[in-house]
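Enquirer: Protein sequence lines, in the order shown, are assigned to chains A and D.
Residues in the first sequence are numbered from 1 upward in steps of one, following our numbering.
Residues in the second sequence are numbered from 312 upward in steps of one, following our numbering.
Quick caveat, the hints were computed from the structure, so don't treat them as lab data.
It should be emphasised that the depicted structure is a prediction, and the values quoted were computed from it without experimental measurement.
No false leads were slipped in.
Straight line, CA to CA, 30 Å or less: simulated DSSO-like cross-link-like pairs of lysine-lysine:
#	chain 1	residue 1	chain 2	residue 2
1	A	Lys168	D	Lys728
2	D	Lys504	A	Lys3
3	A	Lys7	D	Lys495
4	D	Lys780	A	Lys205
5	A	Lys3	D	Lys756
6	A	Lys3	D	Lys747
7	A	Lys249	D	Lys780
8	A	Lys168	A	Lys180
9	A	Lys249	D	Lys416
10	A	Lys170	D	Lys728
11	D	Lys759	A	Lys7
12	A	Lys124	D	Lys780
13	A	Lys3	D	Lys495
14	D	Lys622	D	Lys388
15	A	Lys7	D	Lys504
16	D	Lys384	D	Lys622
17	A	Lys7	D	Lys747
18	A	Lys7	D	Lys339
19	A	Lys205	D	Lys728
20	A	Lys229	A	Lys124
21	A	Lys180	D	Lys728
22	A	Lys262	A	Lys251
23	D	Lys780	A	Lys252
24	A	Lys229	A	Lys50
25	D	Lys662	D	Lys680
26	D	Lys462	D	Lys495
27	D	Lys780	A	Lys251
28	A	Lys7	D	Lys336
29	A	Lys162	D	Lys759
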Amino acid sequence: MMKHFIKYSVVFAIGVFLFVFVGLILPNNNPVRSVDYSLVAKHNLLQQNKQPKVVLTGGSNVVFGFNSQILQDDLNYPVVNHAIHAGYGLKYIIEDVLQFVNEGDVIVLSPEYSHFIGDNYYGKEPLLFSLTVKPSNLKLISFQQLASISEFIPQFSFDKIKSFVYNKAKNKPRRTNSEKNYTEFSINKFGDHYTHWDDKNEDLKLYNFNGVVNVDVIEFLNSVNDQIKRKGAKFFISFPSLCRSTYTKNKKTILAIEKALKKYGNFNILDSPKDHVYKDVLFYDTSYHLNGDGVSIRSKKLASELKGQLK
Amino acid sequence: MIFNSIQYLIFLPTVFLLYWFVFNKTIKLQNFLLLVVSYIFYGWWDWRFLSLIIFSSIIDFYCGIFIEKTNQKKDKKKWLTLSMLINLGFLGVFKYFNFFSNSLKEGLLSLGYQIDTLTLDIVLPVGISFYTFQTMSYTIDVYRGQLKPTKDPIAFFSFVSFFPQLVAGPIERATNLLPQFYTKRTFDLEKAKDGLRQILWGLFKKIVIADNCAIIVNEVFDSYTDFNSSTLFIGALFFAFQIYGDFSGYSDIAIGTARLFGFNLMQNFAFPYFSRDIAEFWRKWHISLTTWFRDYVYIPLGGSRGGVWMKVRNTFIIFIVSGFWHGANWTFIIWGLLNALYFLPLLLLNKNRVNTNAIASNSIFVEPKEFIKIILTFFITLIAWIFFRAPNVHSAFSYIKNMISSSIISVPEVSLKPLVFIIVLVIVEWFQRNNKHGLYMNELKMNKFSRWLIYYILIIIIFWFGAEKQEFIYFQF
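The shape of chain A in the complex, shown without the other chains:
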């Protein structure tokens, strides 16, 4: 009886797993692909540019936070904006960029504050999108990262199947919230998300990142700093751009993160959180995403912070 039950349960489960697997390997038939797909172009930029360069990395506060042309003109260094999404997790973001670090490079990391809380630095559902874009990056995934994203796999797979079936049936792309922004073509030649620069501000999405600071993340950053140094490159941390409303709501946590970074970190920190707190009107749609005016201000600020360090 038991054998019978287990046999059929296993066969049934295999059916479900097969369905999930099909979803995972299904191609993306949407002609308007998400910003996750810009990773390929960003990797090409990093690969092609062999001379010493400034690489900006982090989550969406970076991809939505800079006009790299301003930095390039001010610093006389080529600049690549490698960032895409904070949800990939800090571990993945950094290990992805580490594959391309060469001697003389300057890596500037602006992690989102949520990366320091709980196990967020292992990544969440968006990491699955990135692995779909770049399956070869599976080699970067640790057991903890796999555990962190595993709960999203079934839903992710079914959503892919859903989208595939919809696009096939309608024979036209599924409409996204904005076809101009958040696509793989919303990125300029440096890797900055630029198509929103002239858009009207949307309702700001505010965040709460309350919780205990995870010191393991800082230990990880220490090891990253050592690796980058060994490659003959430089590593800096700059705090992310944040709207005043979210900063005020989360000041206690943000200051705790800053304190922990200064206490346990052995890397160079260029600024402090309040240096990149800007008025809400300088943000486009979320607490981290600057609009065109905000991007110019932050780019100039970072350029001046970096100037002294690059001499």
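Position chain D against the provided structure of chain A, taking the given hints into account.
Expert: Frame of chain A, contents of chain D only:
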């Protein structure tokens, strides 16, 4: 750990295999395994609160033994009182302290006295109302002589913390569940298959019905002043199904899981929205709690044996206490009070046991007269649910006031997508109304292919239409 998570998907088969293949030599070993995995299951939220369960278990284990040992009624009562004080004390501190403190402060303020009261900055331990009631039932039954106290601590601790029903019930009676920990459990294929079906149906109710309704309900209740009457009605309707899908879904998963391990838990919901009056509704909704209050509060108070005054008093006590059990907020007390008011006329007219027969037992369709009764009963429960969901009493009254206006016949301003799922649920459960759950198939003559097709379709529906994961509502109680 929650039932609708990948962790549970790994946890359940692992425990199942260990239980039947590794720890199957003796009952003691199986009980030990259940105890360990139950603590892991609970500790997944916050391991610190395990100490409360362990402490509560130790107290009740020894109180049971001492109650039996002593021959003096007075001493027996002492041990029972100790157990009650500790269990209710935990509830009082963790769940009700801030409520009483703030109510005292507000009450005195309304009389012109301003005082600073102490409030505790503490988190409510998940499931505290469920397991304290379960363990209290044990000491009460031992005190009454209805149950022999156990001398087996592992069996008792496993009974208190049994993971399928630990955090949101059904609140099992010691007389039903505890003896199952002493007897050899054998694997029953039909029971296990039906258990899996019940789990699947529970997941459907939680993920498709409750979680989809929750999105609209939160939107409507959070800014109810911005919506027209029809939208407010939809908000209340969806909440009625959200709470049903959420809670009965949890119970289905709990009962189904227990069956995989050879345990029988009591039925907690018996398709309550098909009730023809409020008395029938309360015989079918959260049965384990309703019967708990009936056996341990209502009957000891005299039940409905005394005169009219006693009947009225006991009815109000039972419903208000039941409301208060749900949470430390006046909204729950009003919810209980309202249900008492609904129930009272039936009790006074001796009509509270009129509808004990199965509904439309020989027909697919219900008679028009019964249909009207069902709709009316549903409508009055829906009004009561508004108090249950609203953040405070004032909001609940404003919500109802805004709901009753001419715009009740206007087009709702929110998505009606969950209505499709609700219709599916109602149809399926109507056909299954005389069975134990919505996916009961034991007596259906269906081949394997058709059954498997139904399971796969249901799984696809769950993933395809399932909404963003929401925590089970009853965890907060």
